[in-house]
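Q: The task is simple: from the sequences and hints, build the whole structure.
Here the protein sequences come in this chain order: A and B. Residue numbering for the first sequence is 5 to 118, as defined by this note's numbering. Residue numbering for the second sequence is 149 to 257, as defined by this note's numbering.
By construction, these hints were calculated from the structure, which means they are not laboratory data. Hints are supplied without guarantee of correctness; some may be wrong.
The calculated lysine to any residue pairs, modelled on SDA-like cross-linking and capped at a C-alpha distance of 20 Å, are [stated by the list, open to error]:
hint : chain 1 : residue 1 : chain 2 : residue 2
1    : B       : Lys198    : A       : Thr104
2    : B       : Lys216    : B       : Gly163
3    : B       : Lys249    : A       : Gln46
Looking from chain B toward chain A, a few residues come up when the C-beta cut is under 8 Å (computed) [as the list claims (entries may be wrong)]:
hint : residue
4    : Pro190
5    : Ile195
6    : Leu228
7    : Gly232
8    : Phe235
9    : Pro244
10   : Gly248
11   : Lys249
By construction, the Cβ of each residue, glycine as well, lies at the ideal position given by its N, Cα and C atoms.
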Amino acid sequence: GAVVSQHPSWVICKSGTSVKIECRSLDFQATTMFWYRQFPKQSLMLMATSNEGSKATYEQGVEKDKFLINHASLTLSTLTVTSAHPEDSSFYICSARDRTIEQFFGPGTRLTVL
Amino acid sequence: QQPVQSPQAVILREGEDAVINCSSSKALYSVHWYRQKHGEAPVFLMILLKGGEQKGHEKISASFNEKKQQSSLYLTASQLSYSGTYFCGTDSGNTPLVFGKGTRLSVIA
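A: Listed below in structure tokens is the structure:
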């Protein structure tokens, strides 16, 4: 199956700093990428949908100025958590879709904000 | 809208069977099933498309009733490796997957 990578796997940062998470589709072109967030023992909650070359579409309640998404190419999307706070600590997972309906998930990035 | 999964949790002994249900209040184009182990990303199990299809993979199979907007995942002769949280993700037609709250499955020896 198709492979999606995320970097870094985990990150610890101080409150107030910004963190960038990369999501790459390694062997296919991802026309659409999705960013999810998962808190402990909860479901995956969609944060935003990004299409290559256009602005991301954010779900209700997700601050677009805090969670910056850039989908610069068909194989790369980045999520930047700006001015991170402890409540932003979570498991962030990206997924990518080519022209089919199947979504391929990355391994996730665990963010801890101190 | 988030699909509803049932049961929330189930404990099985090795070799027992289980059924996990997923229902939606919206018309569905497809249903996707994933299993997630603690601390890991979800792992894809299977997709079911509208048309009332059924699919199977070893001892895990699923059905999709588009009229009832429901899907069920069947695990037969469960193994210890089946333990994890199972999520259904629903798609209403070229839309992002919306996941249910998950069903925690524990298989014990």
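Q: Next step is simple, just say for each hint if it's right about the structure.
A: Structure-based check of each hint:
{"no.": "1", "hint": "B:Lys198 <-> A:Thr104", "verdict": "holds (15 Å)"}
{"no.": "2", "hint": "B:Lys216 <-> B:Gly163", "verdict": "violated (30 Å)"}
{"no.": "3", "hint": "B:Lys249 <-> A:Gln46", "verdict": "holds (6 Å)"}
{"no.": "4", "hint": "Pro190", "verdict": "holds (5 Å)"}
{"no.": "5", "hint": "Ile195", "verdict": "holds (6 Å)"}
{"no.": "6", "hint": "Leu228", "verdict": "violated (21 Å)"}
{"no.": "7", "hint": "Gly232", "verdict": "violated (13 Å)"}
{"no.": "8", "hint": "Phe235", "verdict": "holds (7 Å)"}
{"no.": "9", "hint": "Pro244", "verdict": "holds (5 Å)"}
{"no.": "10", "hint": "Gly248", "verdict": "holds (6 Å)"}
{"no.": "11", "hint": "Lys249", "verdict": "holds (5 Å)"}
Hints 2, 6 and 7 from the list above are not met by this structure, while the remaining hints are.
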